[in-house]
Amino acid sequence: MSTGTDTTVAALAGLAPPVDEAPAVRKTAPAPAPAKPTPVPAAPRAVSVGRLGRLLRAAGLRSAAILALLALWETAPRLGLVDATFLPPVSEVAEAWWELLADGQLGEHTGASLIRSFGGFGIAVVVAVPLGLLIGWYRPVAALLGPLLEVFRNTAALALLPVFVLLLGIGETSKVSIVVYACVWPILLNTISAVGNADPTLVKLARSMDLSTPRLFQKVILPASVPAIFTGIRLAGAVSILVLVAAEMIGAKAGLGYLINASQYNFAIPQMYAGIVTISAIGVAFNQLLVTIERRLSLWRVPA
Amino acid sequence: MAKIVFDSVTKSFPTKDRKNRRGREEFTALDGIDLEIEAGEFVVVVGPSGCGKSTLLDLLGGLTRPTSGRILLDGRPVTGPGLDRGIVFQQYALLPWRTALGNIEFGLEATGVPRRERTDRAREFLDLVGLTGFGDRHPHELSGGMRQRVAIARSLAYDPDVLLMDEPFAALDAQTRESLQDELRRIWQRTGKTVVFITHGIEEAVYLGQRVAVMTSRPGRVKEVVPVSLGTRGAGATGEDLRSSPEFARYRHEIWTLLHDEVARAQQLEKEEASV
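Protein sequences, first through last, are from chains F and C. According to the numbering used here, the first sequence is numbered sequentially starting from 1. According to the numbering used here, the second sequence is numbered sequentially starting from 1.
No lab work stands behind these hints, which were simulated from the structure alone. Computed from a prediction, not measured in an experiment: that's the story for all the values here. Keep in mind that a hint or two might mislead.
As the list claims (entries may be wrong) - Residues on chain F that point at chain C, a partial pick, calculated with CB under 8 angstroms: (1) T201; (2) K204; (3) L205; (4) M209; (5) D210; (6) L211; (7) P223.
What the hints assert, rightly or not - From chain C, some residues computed to sit far from chain F (all C-beta separations above 10 angstroms): (8) T55; (9) S68; (10) A110; (11) A170; (12) T176; (13) E183; (14) F248.
What the hints assert, rightly or not - Reference excerpt, derived from the structure (chain C facing chain F, CB under 7 angstroms, subset only): (15) G61; (16) G82; (17) I87; (18) F89; (19) Q91; (20) A93; (21) W97.
Virtual Cβ for every residue (Gly too), placed ideally from N, Cα, C.
With the rest of the complex left out, here is chain F:
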């Protein structure tokens, strides 16, 4: 493990900017000002002036923090508050982003990253949900494996990255594997506890109706577990991107993590920020997608 420590520290240090960046953006919705007013003209009569004003205010409020951040980002380097070499104004970053997009580099790197992280995430969902249902159903198994699973969950996936590289090389396999590994734990643990927390009265009801175990699962346990399982899936979604970027910084020839790292080495600072912004946009969009699906599946939930 000692040989790997340096790399890990480097990876974590390199990871710092996107981690800092992400929450600031995530606090507000991804599609801010322009998206909101569009539905308003669709029903012009139903919407009173007061409601229109309220909608606009809400949209303004939701995008205000992001706009302020962008304004600060633009002005601070221009006014010399920060070194423009290390933090170029946002307009320059946008320009660099546009160039990267135009010459196809951005598409290539984004594509590589998305395939890896969605691939790993997808495998994790397919493996961890059924496995979690199974473990959760057999209480003794859950009790037996519980402590072990906690150990794995609380071992930072990135700390194991050197191990993955040693075992699987620096190719796609190790990158997808580390994403799978990191995504499995939140889904698995949430699924196990969801099954354990299923309302015992409902289980008793199903038993009293002589439902077979597969039926009981299909009609009672699974639907009752959906909200908690989805919480795990949403955590995994965020983790998949986080871990992947770090993995790509260590040994890769493509991907957004590589783009960021390589830009930094080549002192192409605007390009580096362009990569960071792209990652945070993907993170927000992915999270929003999962939230939407989650809402769809748990409409029945008692509004808190």
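For this one, chain F is given, so just place chain C on it according to the hints.
Chain C alone, transformed into the frame defined by chain F:
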């Protein structure tokens, strides 16, 4: 032959209580229950808390097996759960992700009723419990009384011979409880089901039951079975008229007297347990 026969049924559990670990004692919930229930009869089981009333129902529902003795249903021993018995739980046990209609259909899905017919049947039973027009509401959009009506409709929909009710109205407010009691009697008279109803309410027992079985506190035994025949009910009296009649008061007092010692004893037991 009676519909349901309890033949010296005993049920004991190994204690999970840590304090008693050394003793490795057995906890006897029911001790030699003998009770016969006729087809189409409405029998109420009343007893102090912790007397094993719910265990009695679990046994009849086939959810647990007796330690000794046997339970016969139509002359055949009960070996497991089945759709010939429908259970109504105190906590309603509605699937929160399904609508009222969907919950009633849930009962029908276990039987072989074809999909098209299910919805029609479910709607029919929704009407029976007086919830016409509430079919597409989710449980959290319904009041407690409405939820229990849905649960009753669900149990009736798959047409069991016996309806087992485990303190179904205990969580409801007084007005709702009384109106549901009337409703239940009406449904019972219309459908002719055998009903075994568990409660700790004396008034509820007298109001609903044709016979009231009074249980002792732990271990649970049947202390006495009181046949209730209210002459004023024959004259069409319901609700407050019936409850305030002298004969109702007499029955209530009789059962109260039977229960009184048991309740005192149960409280004593609880106190002793808490101070161990």
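Hints and how they fare:
no.: 1; hint: T201; in the structure: holds (4 angstroms)
no.: 2; hint: K204; in the structure: holds (7 angstroms)
no.: 3; hint: L205; in the structure: holds (4 angstroms)
no.: 4; hint: M209; in the structure: holds (5 angstroms)
no.: 5; hint: D210; in the structure: holds (5 angstroms)
no.: 6; hint: L211; in the structure: holds (6 angstroms)
no.: 7; hint: P223; in the structure: holds (5 angstroms)
no.: 8; hint: T55; in the structure: holds (13 angstroms)
no.: 9; hint: S68; in the structure: holds (23 angstroms)
no.: 10; hint: A110; in the structure: violated (5 angstroms)
no.: 11; hint: A170; in the structure: holds (14 angstroms)
no.: 12; hint: T176; in the structure: holds (20 angstroms)
no.: 13; hint: E183; in the structure: holds (21 angstroms)
no.: 14; hint: F248; in the structure: holds (33 angstroms)
no.: 15; hint: G61; in the structure: holds (5 angstroms)
no.: 16; hint: G82; in the structure: holds (5 angstroms)
no.: 17; hint: I87; in the structure: holds (5 angstroms)
no.: 18; hint: F89; in the structure: holds (6 angstroms)
no.: 19; hint: Q91; in the structure: holds (5 angstroms)
no.: 20; hint: A93; in the structure: holds (4 angstroms)
no.: 21; hint: W97; in the structure: holds (4 angstroms)
Of the hints listed earlier, the one the structure fails to meet is number 10.
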